[in-house]
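Enquirer: Starting from two chains that each stand alone, build the complex the way the hints lay out.
Residues per chain are reported as follows:
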Amino acid sequence: GESVGLHLPTLSVQEGDNSIINCAYSNSASDYFIWYKQESGKGPQFIIDIRSNMDKRQGQRVTVLLNKTVKHLSLQIAATQPGDSAVYFCAENIRAAGNKLTFGGGTRVLVKP
Amino acid sequence: EPEVTQTPSHQVTQMGQEVILRCVPISNHLYFYWYRQILGQKVEFLVSFYNNEISEKSEIFDDQFSVERPDGSNFTLKIRSTKLEDSAMYFCASRIQGLQEKLFFGSGTQLSVL
Chain Z
1 GESVGLHLPT LSVQEGDNSI INCAYSNSAS DYFIWYKQES GKGPQFIIDI
51 RSNMDKRQGQ RVTVLLNKTV KHLSLQIAAT QPGDSAVYFC AENIRAAGNK
101 LTFGGGTRVL VKP
Chain C
114 EPEVTQTPSH QVTQMGQEVI LRCVPISNHL YFYWYRQILG QKVEFLVSFY
164 NNEISEKSEI FDDQFSVERP DGSNFTLKIR STKLEDSAMY FCASRIQGLQ
214 EKLFFGSGTQ LSVL
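Going line by line, the protein sequences match chains Z and C. Note that the first sequence covers residues 1 to 113 in the working numbering. Note that the second sequence covers residues 114 to 227 in the working numbering.
Just chain C, same shape as in the assembly (with noise of 0.2 Å):
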């Protein structure tokens, strides 16, 4: 069965530093997601893509965070200056046009930020 891919599966880093969170959605998608999960809270959407540019956006997505699709596979996350409270787990989700709402996660990336 297809499934998202993510790399890597933990990634600790300084406070300041630039990360960046790779994905490969299912290869027929076109749309795709980035979700996070702070340690004790709900899965909290970040933004949606497609068509090569961000669909939505929620209030945490602020001037920090970048999304991009460099290529016909990847869709990666990145975060300029990494901050204590973006530690969590990022999740990647991609759906299939048509079948709107059933999105298909990755297994996600833990972010360590000390």
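Chain Z extracted, bound-state conformation (with noise of 0.2 Å):
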């Protein structure tokens, strides 16, 4: 359910507008990314993955792009939906550490109708 007192950022966006959702990642050496979706009351659901040797990955409207010069990582959605609204993680992996994620803090999306 709701996590009384989390202070997320919060991205409010308008049915039918883009949304861009930033994350910034601490270690250089991560080389695959995950962006995580998490509705309330359910587990973290999978959106869109990317390794290092990538830029840039489609999806069905969403887009991950990722700058590592400067550890950057986002999430865009085209034609943001209500069902959309949900809080937003990303994860970074470092394969030769194993494969446990590391979740960034997330992000709050709201869509107004």
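Everything labelled a hint here was simulated from the structure, so no lab data went into it. You may find that some hints are simply not true.
Simulated pairs of lysine-lysine, BS3-like, Cα-Cα distance not exceeding 25 Å [claimed, not checked]:
#: 1; chain 1: Z; residue 1: Lys68; chain 2: Z; residue 2: Lys56
#: 2; chain 1: C; residue 1: Lys170; chain 2: C; residue 2: Lys191
#: 3; chain 1: C; residue 1: Lys155; chain 2: C; residue 2: Lys196
#: 4; chain 1: C; residue 1: Lys215; chain 2: C; residue 2: Lys155
#: 5; chain 1: Z; residue 1: Lys42; chain 2: C; residue 2: Lys191
#: 6; chain 1: Z; residue 1: Lys112; chain 2: Z; residue 2: Lys42
#: 7; chain 1: C; residue 1: Lys155; chain 2: Z; residue 2: Lys71
#: 8; chain 1: C; residue 1: Lys155; chain 2: C; residue 2: Lys191
#: 9; chain 1: Z; residue 1: Lys56; chain 2: C; residue 2: Lys215
#: 10; chain 1: Z; residue 1: Lys71; chain 2: C; residue 2: Lys215
#: 11; chain 1: C; residue 1: Lys170; chain 2: C; residue 2: Lys155
#: 12; chain 1: C; residue 1: Lys170; chain 2: C; residue 2: Lys196
#: 13; chain 1: Z; residue 1: Lys42; chain 2: C; residue 2: Lys155
#: 14; chain 1: C; residue 1: Lys215; chain 2: Z; residue 2: Lys68
#: 15; chain 1: Z; residue 1: Lys42; chain 2: C; residue 2: Lys215
#: 16; chain 1: Z; residue 1: Lys56; chain 2: Z; residue 2: Lys71
#: 17; chain 1: C; residue 1: Lys155; chain 2: Z; residue 2: Lys68
#: 18; chain 1: Z; residue 1: Lys42; chain 2: C; residue 2: Lys170
#: 19; chain 1: C; residue 1: Lys215; chain 2: C; residue 2: Lys170
Because the structure is a prediction, the values reported are computed rather than measured.
Expert: Quick look at the structure:
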């Protein structure tokens, strides 16, 4: 359910507009990145991933951009819909260090009708 | 679509009591994980499990924690003597061999230690 007291950056977007969610990662050795969506009362749901040898990857209505120079990751959602309202987490992985994901702090997206 | 199932969805316990959180990973998955999310904080890795043994664990996963795959379908996390700071949402995750990083998460168990 809702996490009272959770202070997340919030992005309010009008239905139909594009959303851009940003994430800064800390470890330059990370070689794999994932975006997860978490709706209220549910676990993280995989959206899209990207490997460090790429700088862009597109999915259905979503695009992930990776800028390794500044250690920045973004998720673009095209034509945002009410069902896109959720908390979005980026996660990074260093495959040589095992398959444990390191999650970012999350961004709450609120879609206004 | 197959999914990771966790029970119970909510667990309330007294400090010092033992709790067992249960998970049924996706049936053909071979790698299993527990993560937790303390209120207001990030999702944190606890432990990974493969071939009936722990592959990796974080510093959070101390001697009070244990994991087990008692049969072919269940994957459990046990906390022997719960502390107030164990209160969190605990997520189980699994993945299929070969798709290394794509983890499928369950809906979580909210553990409240009083």
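Enquirer: For every hint, state whether the structure bears it out.
Expert: Going through the hints against the structure:
For a cut-off of 25 Å, the pair hint linking lysine 68 (chain Z) to lysine 56 (chain Z) stands: about 11 Å separates their Cα positions. Note on lysine 170 (chain C) and lysine 191 (chain C): the hinted pairing holds, with a Cα-Cα distance of about 14 Å set against a maximum of 25 Å. Between lysine 155 (chain C) and lysine 196 (chain C) the CA atoms are separated by roughly 19 Å; this keeps the pair inside 25 Å, and the hint holds. For the suggested pair lysine 215 (chain C) and lysine 155 (chain C), the alpha carbons sit about 19 Å apart, so the restraint of at most 25 Å is met.
Taking the CA atoms of lysine 42 (chain Z) and lysine 191 (chain C), the gap is about 21 Å. The hint holds against a cut of 25 Å. Between lysine 112 (chain Z) and lysine 42 (chain Z), the direct Cα distance comes to roughly 21 Å. Compliance with the 25 Å bound is thereby established for this hinted pair. For a cut-off of 25 Å, the pair hint linking lysine 155 (chain C) to lysine 71 (chain Z) stands: about 19 Å separates their Cα positions. For the suggested pair lysine 155 (chain C) and lysine 191 (chain C), the alpha carbons sit about 21 Å apart, so the restraint of at most 25 Å is met.
Restraint check: the Cα-Cα separation between lysine 56 (chain Z) and lysine 215 (chain C) comes to about 18 Å, which is no more than 25 Å; the hinted pair holds. At roughly 21 Å between alpha-carbon atoms, lysine 71 (chain Z) and lysine 215 (chain C) fall within 25 Å of each other, so this suggested pair holds. The suggested pairing of lysine 170 (chain C) with lysine 155 (chain C) holds, with an alpha-carbon distance near 17 Å, which does not exceed 25 Å. Of the supplied pair hints, the one linking lysine 170 (chain C) and lysine 196 (chain C) holds, its CA atoms being roughly 19 Å apart against a limit of 25 Å.
Between lysine 42 (chain Z) and lysine 155 (chain C), the direct Cα distance comes to roughly 15 Å. Compliance with the 25 Å bound is thereby established for this hinted pair. With a CA separation close to 21 Å, the supplied pair lysine 215 (chain C) and lysine 68 (chain Z) stays within the 25 Å bound. A hinted pair counts as satisfied when its Cα atoms are at most 25 Å apart, and lysine 42 (chain Z) with lysine 215 (chain C) qualifies at roughly 17 Å. The suggested pairing of lysine 56 (chain Z) with lysine 71 (chain Z) holds, with an alpha-carbon distance near 14 Å, which does not exceed 25 Å.
Only pairs whose Cα atoms come within 25 Å are accepted, and lysine 155 (chain C) paired with lysine 68 (chain Z) is accepted, the gap being roughly 22 Å. At most 25 Å may separate the alpha-carbon atoms for a hinted pair to count; lysine 42 (chain Z) and lysine 170 (chain C) meet this at roughly 24 Å. Pair hint lysine 215 (chain C) plus lysine 170 (chain C) holds up; C-alpha atoms about 19 Å apart against a cutoff of 25 Å.
In summary, this structure violates none of the numbered hints.
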